[in-house]
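> Take a look at the letters that make up each chain.
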Amino acid sequence: GNSVTQMEGPVTLSEEAFLTINCTYTATGYPSLFWYVQYPGEGLQLLLKATKADDKGSNKGFEATYRKETTSFHLEKGSVQVSDSAVYFCALSDHGNRDDKIIFGKGTRLHILP
Amino acid sequence: DGGITQSPKYLFRKEGQNVTLSCEQNLNHDAMYWYRQDPGQGLRLIYYSQIVNDFQKGDIAEGYSVSREKKESFPLTVTSAQKNPTAFYLCASSPQQGNQPQHFGDGTRLSIL
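In order, the protein sequence lines correspond to chains A and B.
For any residue, its number in my numbering is found by taking its place in the first sequence, counting from 1, and adding 18.
For any residue, its number in my numbering is found by taking its place in the second sequence, counting from 1, and adding 457.
Worth flagging that the hints you see were computed from the coordinates, not collected in a lab.
There could be a bad hint or two in this list.
Using 20 Å as the maximum straight-line C-alpha spacing, the simulated SDA-like pairs for lysine to any residue come out as follows [stated by the list, open to error]:
| id | chain 1 | residue 1 | chain 2 | residue 2 |
| --- | --- | --- | --- | --- |
| 1 | A | K124 | B | G515 |
| 2 | B | K466 | A | N40 |
| 3 | A | K70 | B | G497 |
| 4 | A | K124 | B | G499 |
| 5 | A | K124 | B | T534 |
| 6 | B | K466 | A | Y57 |
| 7 | B | K514 | A | S21 |
| 8 | A | K124 | B | P552 |
| 9 | A | K124 | B | K528 |
| 10 | A | K74 | B | K514 |
| 11 | A | K124 | B | Q553 |
| 12 | B | K466 | A | S21 |
| 13 | A | K124 | B | I517 |
| 14 | A | K124 | B | Q507 |
| 15 | B | K514 | B | G497 |
| 16 | A | K124 | B | K466 |
| 17 | B | K466 | A | K78 |
| 18 | A | K95 | B | Q553 |
| 19 | A | K70 | B | Q553 |
| 20 | A | K78 | B | H560 |
Chain B stretches covered by chain A per the calculated footprint, using a threshold of three residues with CB under 8 Å from any CB of chain A [stated by the list, open to error]:
| id | stretch |
| --- | --- |
| 21 | 471-479 |
| 22 | 529-537 |
Keep in mind the model is a prediction, meaning the values are calculated, not measured.
We put the CB at the ideal spot given by N, CA and C, even for glycine.
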């Protein structure tokens with residue numbers, strides 16, 4: 019079946035550091051891939067997405083590239099800010115599953131120190 | 458603005474009591490979902506609905522019930538059979554077609570008195 023595996027947190031970085039949060043997936047079809055962000059006490063917000071191999075999703079300085087050969091969708095940001103502190107979820111949607119459910123990773127908590 | 462509204466934001470339940478969490482969307486989405494999130498944990502799917510008057514159990518449906526009488530609304534009832542209901546509950550919706558992302562409400566935090 020389909021699955022998403024992302025690195026365990028918490029991840030603690032200093033402001034302006036480079037960020038990578040790893041995400042790998044298993045899918046039987048041709049999934050779309052997503053990164054969501056959750057700030058404390060709120061719901062999830064879509065951060066970026068990619069719908070096919072080699073697509074790069076980007077938003078608010080975050081980027082992730084859909085790598086079919088390594089089944090990965092790692093999240094990166096060149097210079098993090100304190101306001102980026104949140105929980106990040108990698109997810110996939112595989113319409114070939116015919117149930118339209120999204121599979122979420124377990125989330126990675128990010129702490130940015132000033 | 459289109460979006461998903463969950464209410465109330467905080468809810469308290471007495472032992473043996475059923476409570477209903479509201480979820481309304483004006484995005485004209487066909488599919489709606491309920492998730493449970495425990496502290497420091499990921500999302501677990503409770504129920505989902507792809508069309509009006511139809512819904513399916515997710516991974517942790519026991520102790521919960523739903524209805525989908527209108528496209529815009531997907532209320533979740535936490536019954537007294539759910540022995541550990543304290544959690545953060547998230548409602549989401551998505552278009553039916555294709556690999557579309559889900560849109561989330563701001564959640565309801567349920568606690569036991």
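> If a hint holds in the structure, say so; if it does not, say that too.
Cross-check of the supplied hints:
1. A C-alpha spacing of about 17 Å is found between A/K124 and B/G515, which places the hinted pair at or below 20 Å, so the restraint holds.
2. Taken as a hint, the B/K466 and A/N40 pair is broken in the structure, with Cα atoms around 32 Å apart against an allowance of 20 Å.
3. Among the hinted pairs, A/K70 with B/G497 is inconsistent with the structure: their alpha-carbon atoms are about 31 Å apart, more than 20 Å.
4. A distance of roughly 4 Å separates the Cα atoms of A/K124 and B/G499; the hinted pair therefore holds under the 20 Å criterion.
5. Under the criterion of a C-alpha separation no larger than 20 Å, the hint pairing A/K124 with B/T534 is inconsistent with the structure, at around 25 Å.
6. The suggested pairing of B/K466 with A/Y57 holds, with an alpha-carbon distance near 15 Å, which does not exceed 20 Å.
7. Taking the CA atoms of B/K514 and A/S21, the gap is about 19 Å. The hint holds against a cut of 20 Å.
8. Only pairs whose Cα atoms come within 20 Å are accepted, and A/K124 paired with B/P552 is rejected, the gap being roughly 24 Å.
9. Simply put, A/K124 and B/K528 have alpha-carbon atoms about 29 Å apart, too far for the 20 Å limit, and the pair is violated.
10. Only pairs whose Cα atoms come within 20 Å are accepted, and A/K74 paired with B/K514 is rejected, the gap being roughly 34 Å.
11. Distance restraint check for A/K124 and B/Q553: the Cα-Cα separation of roughly 24 Å exceeds the 20 Å cut-off, and the hinted pair is therefore not satisfied.
12. Only pairs whose Cα atoms come within 20 Å are accepted, and B/K466 paired with A/S21 is rejected, the gap being roughly 31 Å.
13. Our distance criterion of 20 Å between C-alpha atoms is met by A/K124 and B/I517, whose separation comes to about 16 Å.
14. A hinted pair counts as satisfied when its Cα atoms are at most 20 Å apart, and A/K124 with B/Q507 does not qualify at roughly 24 Å.
15. For the proposed pair B/K514 and B/G497, the alpha carbon gap of about 24 Å is over 20 Å, so the pair is violated.
16. Using a Cα cut-off of 20 Å, the hinted pair A/K124 and B/K466 is violated, with the two alpha carbons roughly 23 Å apart.
17. Using a Cα cut-off of 20 Å, the hinted pair B/K466 and A/K78 is violated, with the two alpha carbons roughly 28 Å apart.
18. With a CA separation close to 32 Å, the supplied pair A/K95 and B/Q553 exceeds the 20 Å bound.
19. Simply put, A/K70 and B/Q553 have alpha-carbon atoms about 19 Å apart, close enough for the 20 Å limit, and the pair holds.
20. With a CA separation close to 18 Å, the supplied pair A/K78 and B/H560 stays within the 20 Å bound.
21. Given as covered by chain A, the stretch 471-479 of chain B fails the check, having 0 residues with a CB less than 8 Å from a CB of that chain where 3 are the minimum.
22. Judged by the Cβ-Cβ criterion of 8 Å, the stretch 529-537 of chain B is not covered by chain A as claimed, because only 0 of its residues qualify and three are needed.
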